[in-house]
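Asker: Take a look at the letters that make up each chain.
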Amino acid sequence: MEWLQQLVNGISLGSIYALIALGYTMVYGIIKLINFAHGDVFMIGAFIGFFAISRWGFGFFPALFLAMVVCAIIGVFIERIAYKRLRNATRIAALITAIGVSLLIEYTTIFFRGAQPEAYPDVISNKSFHFLGAQISMQSIMILSVSIALMIILQFVVHKTKIGKAMRAVSYDVEAARLMGINVDNTISVTFAIGSALAGAAGVIFGVYYTKIDPLMGIIPGVKAFVAAVLGGIGIIPGAMAGGMVLGVVETVVSALGFSLWRDAAAFVILILILIFRPSGIFGKNTREKV
Amino acid sequence: MKSNNKLKRYASVFLASSLVVGALAGCGSKDNSSSGSSGSDSKEIKVGLNLELSGAVASYGSGISKGAKLAINEINKAGGIDGKKIVPVEIDNKSDAAEATSAAIKLATQEKVVAQIGSATSGDTVAAVQIANQKKMPIIGPSATSETVTVNEKGQLNDYAFRTCFIDPFQGQIAANFALNNLKAKNVAIFADSASDYAKGLAKSFKKTIEENGGKVVAEESYVAKDTDFKSTLTRLKSKKPDFIYIPGYYEEVGLIIKQARAAGIDVPLMGGDGWDSPKMVELAGKEALNNTYFTNHYSAEDPDEKIQKFVKAFKEANGGQAPDAFNALGYDTVYWLKDAIERAGSTDGEKIKDALASTKDLSLVTGKFSVDDKHNPVKTATVLEFKDGKQVFNSKVNP
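Chains A and B are the protein sequences, given in the same order. If you count by our numbering, then the first sequence holds residues 1 to 291, one letter each, in order. If you count by our numbering, then the second sequence holds residues 1001 to 1400, one letter each, in order.
It cannot be assumed that every hint is accurate.
As the list claims (entries may be wrong) - Label-pair restraints from in silico Cβ distances:
{"id": "1", "chain 1": "A", "residue 1": "Gly114", "chain 2": "B", "residue 2": "Leu1157", "range": "36 to 44 angstroms"}
{"id": "2", "chain 1": "A", "residue 1": "Met138", "chain 2": "B", "residue 2": "Asp1267", "range": "15 to 23 angstroms"}
{"id": "3", "chain 1": "A", "residue 1": "Phe268", "chain 2": "B", "residue 2": "Glu1306", "range": "40 to 48 angstroms"}
{"id": "4", "chain 1": "B", "residue 1": "Leu1157", "chain 2": "A", "residue 2": "Ala265", "range": "39 to 47 angstroms"}
{"id": "5", "chain 1": "B", "residue 1": "Glu1211", "chain 2": "A", "residue 2": "Leu4", "range": "28 to 36 angstroms"}
{"id": "6", "chain 1": "A", "residue 1": "Asp122", "chain 2": "B", "residue 2": "Ala1318", "range": "31 to 39 angstroms"}
{"id": "7", "chain 1": "B", "residue 1": "Asn1133", "chain 2": "A", "residue 2": "Trp56", "range": "54 to 62 angstroms"}
{"id": "8", "chain 1": "A", "residue 1": "Leu104", "chain 2": "B", "residue 2": "Lys1226", "range": "16 to 24 angstroms"}
{"id": "9", "chain 1": "B", "residue 1": "Gly1320", "chain 2": "A", "residue 2": "Ile81", "range": "37 to 45 angstroms"}
{"id": "10", "chain 1": "B", "residue 1": "Gly1083", "chain 2": "A", "residue 2": "Gln116", "range": "43 to 51 angstroms"}
{"id": "11", "chain 1": "A", "residue 1": "Ile81", "chain 2": "B", "residue 2": "Lys1310", "range": "54 to 62 angstroms"}
{"id": "12", "chain 1": "A", "residue 1": "Ile99", "chain 2": "B", "residue 2": "Lys1280", "range": "52 to 60 angstroms"}
Claimed, not checked - Once the Cα atoms are required to be at most 27 angstroms apart in a straight line, the calculated DSSO-like pairs of lysine-lysine come out as:
{"id": "13", "chain 1": "A", "residue 1": "Lys127", "chain 2": "B", "residue 2": "Lys1241"}
{"id": "14", "chain 1": "A", "residue 1": "Lys127", "chain 2": "B", "residue 2": "Lys1388"}
{"id": "15", "chain 1": "B", "residue 1": "Lys1226", "chain 2": "A", "residue 2": "Lys127"}
{"id": "16", "chain 1": "B", "residue 1": "Lys1208", "chain 2": "B", "residue 2": "Lys1287"}
{"id": "17", "chain 1": "B", "residue 1": "Lys1339", "chain 2": "B", "residue 2": "Lys1085"}
{"id": "18", "chain 1": "B", "residue 1": "Lys1352", "chain 2": "B", "residue 2": "Lys1112"}
{"id": "19", "chain 1": "B", "residue 1": "Lys1339", "chain 2": "B", "residue 2": "Lys1135"}
{"id": "20", "chain 1": "B", "residue 1": "Lys1200", "chain 2": "B", "residue 2": "Lys1186"}
{"id": "21", "chain 1": "B", "residue 1": "Lys1369", "chain 2": "B", "residue 2": "Lys1069"}
{"id": "22", "chain 1": "A", "residue 1": "Lys127", "chain 2": "B", "residue 2": "Lys1313"}
{"id": "23", "chain 1": "B", "residue 1": "Lys1112", "chain 2": "B", "residue 2": "Lys1307"}
{"id": "24", "chain 1": "B", "residue 1": "Lys1186", "chain 2": "B", "residue 2": "Lys1388"}
{"id": "25", "chain 1": "B", "residue 1": "Lys1200", "chain 2": "B", "residue 2": "Lys1280"}
{"id": "26", "chain 1": "B", "residue 1": "Lys1240", "chain 2": "A", "residue 2": "Lys127"}
{"id": "27", "chain 1": "B", "residue 1": "Lys1352", "chain 2": "B", "residue 2": "Lys1280"}
{"id": "28", "chain 1": "B", "residue 1": "Lys1084", "chain 2": "B", "residue 2": "Lys1135"}
{"id": "29", "chain 1": "B", "residue 1": "Lys1313", "chain 2": "B", "residue 2": "Lys1066"}
{"id": "30", "chain 1": "A", "residue 1": "Lys127", "chain 2": "B", "residue 2": "Lys1287"}
{"id": "31", "chain 1": "A", "residue 1": "Lys127", "chain 2": "B", "residue 2": "Lys1391"}
{"id": "32", "chain 1": "B", "residue 1": "Lys1106", "chain 2": "B", "residue 2": "Lys1085"}
{"id": "33", "chain 1": "B", "residue 1": "Lys1136", "chain 2": "B", "residue 2": "Lys1184"}
Stated by the list, open to error - Short, incomplete list of chain B residues facing chain A, as computed with Cβ under 8 angstroms:
{"id": "34", "residue": "Ala1097"}
{"id": "35", "residue": "Glu1221"}
{"id": "36", "residue": "Thr1233"}
{"id": "37", "residue": "Arg1236"}
{"id": "38", "residue": "Tyr1250"}
{"id": "39", "residue": "Ala1263"}
{"id": "40", "residue": "Ala1264"}
Please keep in mind that the hints were generated in silico from the structure rather than gathered at the bench. Everything numeric in this text was worked out from a predicted model, so none of it was measured. All C-beta atoms, glycine included, are put in the ideal place defined by N, C-alpha and C.
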């Protein structure tokens, strides 16, 4: 059952993309900013998890929680310092700042610890069981369940809580929301906190699943998550999840067919095709711009 | 008349000043010649070390530097070469080809060294080879494995260029022989890093040797450096049922590949080249996954050979208990090889040293018994190491 095995591989990879894409999509949905520093928050999450597990003796879940908390703080910090004063600037200015923040995080990390990779310790048993001839490891199941759990919590927060209501209001119309007494700055900070926490969680999961982490590890998954977010419809939470899964499975299928050197290219071909044929993404509706 | 006087005055000033300048220049040139000659016929033999002491591959360059300096100290303590002490002239090329070129120029023209050791990587060594040929300064790359170091693109020999390590394709040959003869493998697979010439060279010669000796390559797959997810390709490889997989590449990816391969249920022997040699390898792959994996290397610190154990002991004493790696050993060997050549040449003349280097035969060094072929590549035994419970264990020596 080679194909079932490949599907399992693809979904595991896809859940990591999905977790990162959730943060991308939320931030974009609220302030229309493509936060390129998001992939680097993911990297920081991976390193915090690494230090928590290997140096301070944390278990998997405490480490995951710590990484999420620290990344949330870092996310708010980045927003307050770098993006807040650009709230009314042009979109391109914010975009370029995001790229600058991304490089700043990467090379600050390299400055403090060097560029050499680090190997994650084994915290989840690598045992696997057979299912219809495919091998499914505990790690894959863990990744998938953590991703799905976090997405459900996120959906709940966005649709059932007061702050979620505020977030939806701000994404709909910032000015009107402000007139209705919503604290826009705080809402945006919360969005960054949640998005960054998810990226931090993805970092720890990535480290546990793929073992190797290094200061530049956020670049490619960050860009892939961006593709996933666009694929699902940027700004739409279930879309990010679906986009991540589709991307993971497509990449795996491309490798499984023997074109392993084309897997990164495949992701970008998807991006180009979706931008040409359905710019609003799988879950997006074609809404007309308000004039 | 007046203007004539003026002219005379200018002329005399000009003459006087030019005399002074000339005298100064004379002094300068005398100084230069005296310092230059001290390198060639006094009690010193200057040897250049053009190494990567900072930058991306600083660990390779400084490893060679440590090994070379240990050898130089040993030789000087034992009375030097024909009573002359070796004086190392070390220049940091910052892991940069342009810096390596200017360092070579400085070594050849200003420092007037008898030979240059370095650089660690093929690219930086090649950058200095042209200078070496022009200035008739022998150059030995301790760990420059690319074929183009000693031979240019047209296949012509670079007269003054040598290397201490074996070339890339050589390791593929050794691995193929090891798989066929020691492990009795028949259906082999290759999973190579397609972004590195090193890995491609190894894979190519491995495949050639396997096919020439009755083996069969059932699958060939590639990955790109910096990939982290190899599961899908490994699943595909597994379905082809190979009984041996050759994975030439560097430890950063190979560590992950091995871990993911074992998790995917691939339990056949895996093998690679010297790019596997790193303590990080064990962390990345995990001790258990590394069992039943092998790699070719320049030498093993655990080789019971007496010469090697003597070197390991001396190195540990000089470096606070740290065990020497392959770069240390290659740096060390390069100095001894050069010493042997200078002694046989009976001179520090670049051309004579070059001829002596080229005619080296059965010289016993730490990294193997050493002869030089007509392309200035060493023909020597390679060591196969095996991972056992996360430790590199000496497995066997394989002849080409």
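Asker: Indicate, hint by hint, whether the structure satisfies it.
Answerer: Verification of the supplied hints:
1. A:Gly114 / B:Leu1157: 36 to 44 angstroms: holds, 40 angstroms
2. A:Met138 / B:Asp1267: 15 to 23 angstroms: At roughly 19 angstroms between Cβ atoms, B:Asp1267 and A:Met138 fall inside 15 to 23 angstroms, so the hint holds.
3. A:Phe268 / B:Glu1306: 40 to 48 angstroms: violated, 58 angstroms
4. B:Leu1157 / A:Ala265: 39 to 47 angstroms: holds, 41 angstroms
5. B:Glu1211 / A:Leu4: 28 to 36 angstroms: holds, 34 angstroms
6. A:Asp122 / B:Ala1318: 31 to 39 angstroms: holds, 37 angstroms
7. B:Asn1133 / A:Trp56: 54 to 62 angstroms: holds, 57 angstroms
8. A:Leu104 / B:Lys1226: 16 to 24 angstroms: About 21 angstroms separates the Cβ atoms of A:Leu104 and B:Lys1226, which means 16 to 24 angstroms holds.
9. B:Gly1320 / A:Ile81: 37 to 45 angstroms: holds, 44 angstroms
10. B:Gly1083 / A:Gln116: 43 to 51 angstroms: holds, 45 angstroms
11. A:Ile81 / B:Lys1310: 54 to 62 angstroms: holds, 59 angstroms
12. A:Ile99 / B:Lys1280: 52 to 60 angstroms: Given range 52 to 60 angstroms: violated, Cβ gap about 30 angstroms.
13. A:Lys127 / B:Lys1241: Status holds; Cα separation ~22 angstroms.
14. A:Lys127 / B:Lys1388: Roughly 21 angstroms between the alpha carbons, so the hint for A:Lys127 and B:Lys1388 holds.
15. B:Lys1226 / A:Lys127: holds, 26 angstroms
16. B:Lys1208 / B:Lys1287: Roughly 32 angstroms separates the two Cα atoms, so the pair is violated.
17. B:Lys1339 / B:Lys1085: holds, 11 angstroms
18. B:Lys1352 / B:Lys1112: Holds. B:Lys1352 to B:Lys1112 sits at ~16 angstroms (cutoff 27 angstroms).
19. B:Lys1339 / B:Lys1135: Status holds; Cα separation ~20 angstroms.
20. B:Lys1200 / B:Lys1186: holds, 21 angstroms
21. B:Lys1369 / B:Lys1069: holds, 22 angstroms
22. A:Lys127 / B:Lys1313: Judged against 27 angstroms, a Cα distance of about 42 angstroms means the pair is violated.
23. B:Lys1112 / B:Lys1307: Roughly 33 angstroms between the alpha carbons, so the hint for B:Lys1112 and B:Lys1307 is violated.
24. B:Lys1186 / B:Lys1388: Roughly 24 angstroms between the alpha carbons, so the hint for B:Lys1186 and B:Lys1388 holds.
25. B:Lys1200 / B:Lys1280: holds, 23 angstroms
26. B:Lys1240 / A:Lys127: Holds, at roughly 24 angstroms.
27. B:Lys1352 / B:Lys1280: violated, 43 angstroms
28. B:Lys1084 / B:Lys1135: holds, 23 angstroms
29. B:Lys1313 / B:Lys1066: holds, 14 angstroms
30. A:Lys127 / B:Lys1287: Within the cut-off at roughly 15 angstroms; holds.
31. A:Lys127 / B:Lys1391: OK: A:Lys127 and B:Lys1391 at ~23 angstroms, within 27 angstroms.
32. B:Lys1106 / B:Lys1085: Distance ~21 angstroms between B:Lys1106 and B:Lys1085 Cα, so the pair holds.
33. B:Lys1136 / B:Lys1184: Distance of about 48 angstroms is beyond 27 angstroms: violated.
34. Ala1097: violated, 20 angstroms
35. Glu1221: For B:Glu1221, the interface hint holds, since the closest Cβ of chain A sits about 6 angstroms away, which is under 8 angstroms.
36. Thr1233: Since the shortest Cβ distance to chain A is 5 angstroms, the answer is holds.
37. Arg1236: holds, 6 angstroms
38. Tyr1250: violated, 11 angstroms
39. Ala1263: Nearest chain A Cβ about 6 angstroms off; hint holds.
40. Ala1264: At 7 angstroms from the nearest chain A Cβ, B:Ala1264 passes the 8 angstroms test, so the hint holds.
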